[in-house]
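Fit chains B and D to the known structure of chain C by using the hints.
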Amino acid sequence: MRVTLFITCFNDTLFPETGRAMVHLLERLGHQIHFPLEQTCCGQMHFNTGYQREAVALVRHFVTVFGDAEVVVAPSASCVAMVRDLYPMAADLARDPTLKAQVAALAPKVFELSEFLVNVLGVEDVGAYYPHRVTYHPTCHSLRMLHVGDAPLRLLRAVRGIDLVPLPDAAECCGFGGTFAIKNADTSMAMLGDKLSSVLSTHAEVCAAADNSCLMHIGGALHRQRAGVRTIHLAEILASTEEAAGL
Amino acid sequence: MPESQRNIQQKHDMFRGQQSTLIQTHSIGVIPPFQDGARIALENTQLRRNLHKATQTIRAKRAAVVDEMPDWEPLREAGRALKQRVLRHLDDYLLELEASVQRAGGQVHWARDADEANRIITDLVRGYGAKQVVKVKSITTDEVHLNNSLQSIGVEVTETDLAELIIQLADERSSHILVPAIHKNRAEIRELFIRKFGLEELSDSPKELAEAARLHLRRKFLSAEVGISGANFAVAETGTVCVVESEGNGRMCTTLPPVLITLMGIEKVVPSMDDLGVFMQLLPRSSTGERMNPYNSLWTGVTRGDGPQHFHLVLLDNGRTRVLADEIGRQTLYCIRCSACLNVCPVYSRTGGHAYHSVYPGPIGAILTPQLVGVENAPSLPYASSLCGACYEVCPVKINIPEVLIHLRGEVVRHQQDHDGLRGRADPENVAMKTLAYLFADPARYERAQKLGRVGQWPLARGGSIQWLPGALAGWTAMRDLKPMPKQTFREWWRTTRG
Amino acid sequence: MSTGKEAILSSIRAALRDVPAAEKPSDVPVSRDYLKHSETPREELVFLFMERVAEYKATVRRVSEEALRAAITEACHMRGVGRLVVPPDLPQEWEPESVELLRDEGLSHEQLDRSDGVLTGCALGIAQTGTIVLDGGEVQGRRAITLLPDYHLCVVREEQIVGLVPEAFAHLAYTVGEGGRPITLISGPSATSDIELSRVEGVHGPRTLEVLVVG
Chain C
351 MRVTLFITCF NDTLFPETGR AMVHLLERLG HQIHFPLEQT CCGQMHFNTG YQREAVALVR
411 HFVTVFGDAE VVVAPSASCV AMVRDLYPMA ADLARDPTLK AQVAALAPKV FELSEFLVNV
471 LGVEDVGAYY PHRVTYHPTC HSLRMLHVGD APLRLLRAVR GIDLVPLPDA AECCGFGGTF
531 AIKNADTSMA MLGDKLSSVL STHAEVCAAA DNSCLMHIGG ALHRQRAGVR TIHLAEILAS
591 TEEAAGL
Chain B
690 MPESQRNIQQ KHDMFRGQQS TLIQTHSIGV IPPFQDGARI ALENTQLRRN LHKATQTIRA
750 KRAAVVDEMP DWEPLREAGR ALKQRVLRHL DDYLLELEAS VQRAGGQVHW ARDADEANRI
810 ITDLVRGYGA KQVVKVKSIT TDEVHLNNSL QSIGVEVTET DLAELIIQLA DERSSHILVP
870 AIHKNRAEIR ELFIRKFGLE ELSDSPKELA EAARLHLRRK FLSAEVGISG ANFAVAETGT
930 VCVVESEGNG RMCTTLPPVL ITLMGIEKVV PSMDDLGVFM QLLPRSSTGE RMNPYNSLWT
990 GVTRGDGPQH FHLVLLDNGR TRVLADEIGR QTLYCIRCSA CLNVCPVYSR TGGHAYHSVY
1050 PGPIGAILTP QLVGVENAPS LPYASSLCGA CYEVCPVKIN IPEVLIHLRG EVVRHQQDHD
1110 GLRGRADPEN VAMKTLAYLF ADPARYERAQ KLGRVGQWPL ARGGSIQWLP GALAGWTAMR
1170 DLKPMPKQTF REWWRTTRG
Chain D
10 MSTGKEAILS SIRAALRDVP AAEKPSDVPV SRDYLKHSET PREELVFLFM ERVAEYKATV
70 RRVSEEALRA AITEACHMRG VGRLVVPPDL PQEWEPESVE LLRDEGLSHE QLDRSDGVLT
130 GCALGIAQTG TIVLDGGEVQ GRRAITLLPD YHLCVVREEQ IVGLVPEAFA HLAYTVGEGG
190 RPITLISGPS ATSDIELSRV EGVHGPRTLE VLVVG
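Residue numbers (my numbering), protein chains in the order written: chain C, 351 to 597; chain B, 690 to 1188; chain D, 10 to 224.
Accuracy of the hints is not assured; some may be wrong.
To be verified - Residues from chain D that face chain B, not an exhaustive set, calculated with beta carbons under 7 Å: (1) Ala153; (2) Val174; (3) Thr217.
Hint data in this document are derived by calculation from the structure and do not stem from the laboratory.
Backbone N, C-alpha and C define an ideal beta-carbon position, used for all residues, glycine too.
Next comes chain C alone, as it looks inside the complex (with noise of 0.2 Å):
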């Protein structure tokens, strides 16, 4: 299959490990990537923000970058969401039909790569290989939007050498939420204590997500407290093999 790239913003500039991770891991299982580099931002954090105005130019050009693909993978739940959930609220404040008829025909091909992989391909088993005890946190927009359900763990559970343990409470919100984290810090923190207190329990060793966003929150404070625990992308989990630990 033809898959198209949709890297995000984010981890274009922040994460670019979990990127090649998901090119190496497609690519593995034969599929052609396409990666357009003319792409940028969904515009989550602008929308989600209340700048709305400002977020149809955004979302115009997603439009026009991904139109034509055959399909489309992200490593990030919460900016498919954004495509699926968000972009119809966005053309109809544009009060333009013209975007929502072209919103209406993309935002079905646009995947998480969790559902893409176990809903769209049918794979559990991707071969990887990964030696560590890992615990894993089901980001809200993948879990309550995106309805992801147990994909991301089916594909752990398949991952060969790994020590998965389940994280207790694991549907509560890290208390991310983009701009939420900035804007109520303090209250953000209170979620985020309660997070750090389930995921020190499970003495994994690795907190793995399917959203950097959030692992970047939940590894921020880690690594402030020296925890000895590290995040991971889902999607780095998945692309490690035994001849190529670690990418």
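Quick look at chains B and D alone, frame taken from chain C:
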């Protein structure tokens, strides 16, 4: 018939058919920022403990009784659709309700705002010559501050729901839709009762505390001349009003006093008794986590020989038509006040209700309050959420709270940009967001910004991490390190390896 | 001067500009795919009803028609009920022995408050939720009599038990249409969870609910 009731009968005839007078909407101040209230609440360890215990308990109870329902999703969908139907034809349904209530011997009044509702109700109470009023827990009466109005004309108002009584005795504000005193624990309540009831001995067992309230209130129920309630539902077709409760105080207030006054938001109307049956399955399971709450009272006007012989239904707008006018925000009026969204909310369950500075706290409050009072008067509330979506998942009438929150954030920003002049436009966040949007709209500008960012961050990076950020971003580094931007972006790697 | 009513109705109509003028309420689709009738056999419904009533910490017992009077007498004696309020139309065959009956022909609230208990029938029982429905009909009396006494002994006939809430509301629609009699749904004794969400049975309504299922 006792003297006081005979007077009431005479006065009643005088008031029949009286029209309410015009009252201007009074201006509403800006609600204090959520962040400020949250900061104070988060420091209160006792509150945190009380809230955690209570919200976890009720979450589990709700989940158990919802999971046993094989038709929960169809019920939710029917509830949502019924509310949509009612709201799209609200004028017709209200007129039908009015006619049904009148036919059944009740009187209907219309109140545009809080002042008008208070005026109507105080005039009625005064007209009946009543000195004592007993109240069923009603958030709508709290919304209009009815108790203050009644007290100002010398009427003794007694809240009869245990939690509302606790709040009234402590002179505090409610912090939860269902359990207003959720922020107080048994020891705090014991001390309050000892002080207020003049008791010498009282244990802190909930059973004994409830018994103390029973004794205190029984006399009030028997002597009050007027009962005041809210309404969970009112059936347009029949004029039947429904109050849902647990303690029996609702039955007391709606049965014993000779006069009953009900204040109800205009959105609470449902078409038929069959439709009420849908909501009577959704509400108890979502709210108290019971298959059915202990008592539901349904009355249709007045019934000879049974209960109050005078019934007044006051229909309240107070900003609701403003909510109705917003096509995205309209769904907020589907709310049946179950409070399931509060209990699952990670923000509410840590800050409690007071931080929301409204009688409607939690996720539903974060969307309802700004719409009732205008987003410019509550600009922080739509941001009091991490958009985690737990509220939408449990809502029994499928209000897409995250969607409305995002919509209202847009309203807040648009209002600031369009009405706050230079100050609004020069706001640092506005400038930053506009700049980023400009950069992101074009790939060449975007790439230049990536490179500049890598250069710009060097004064901040220490030993492989950023531990301090300036200004508004300091909230991030208060608890979290930040990974600096790596040397190579993904697109740079792609160009070198695949380009 | 415009009245509140006119002003509110015109605000509503202005707010609903997007609703086409020709749209009728029935044009807004409402799917009713929820369960409306229980397929459960009657005998199981009775058991379910009893089980769920008991879960509210009410006492529930099954008695035969012939044993009803004795069961009522026994329940009163067990509870130490000396003065029992009864609705005016209480069947003679329900009257317990050696208990003073206060037939409600206009008892004052104070008299009700000083009684030891009340005996009534009901309109319906709902198995799904363990709910008793009173609608002011036969052997139920007015609302105050089941509210002020501290003990409520309620007789439910097997054939009065329905499976699901929608079945009960279909019946209630009829009651309300008949003459607007007030309805009370009772699920266990009064209760509160207002203190730390810990449930306490018995606040203002009867603190004890006892149910006799007949048949």
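Hints, verified against the model:
Here the hint on Ala153 of chain D is kept, as its CB sits about 6 Å from the closest CB of chain B, short of 7 Å. Of the supplied interface hints, the one on Val174 of chain D holds, with its beta-carbon coming within about 5 Å of a beta-carbon of chain B, less than 7 Å. With a least beta-carbon distance of about 12 Å to chain B, the hint placing Thr217 of chain D at the interface is violated under the 7 Å criterion.
Checked against the numbered hints above, the structure breaks only hint 3 and satisfies the rest.
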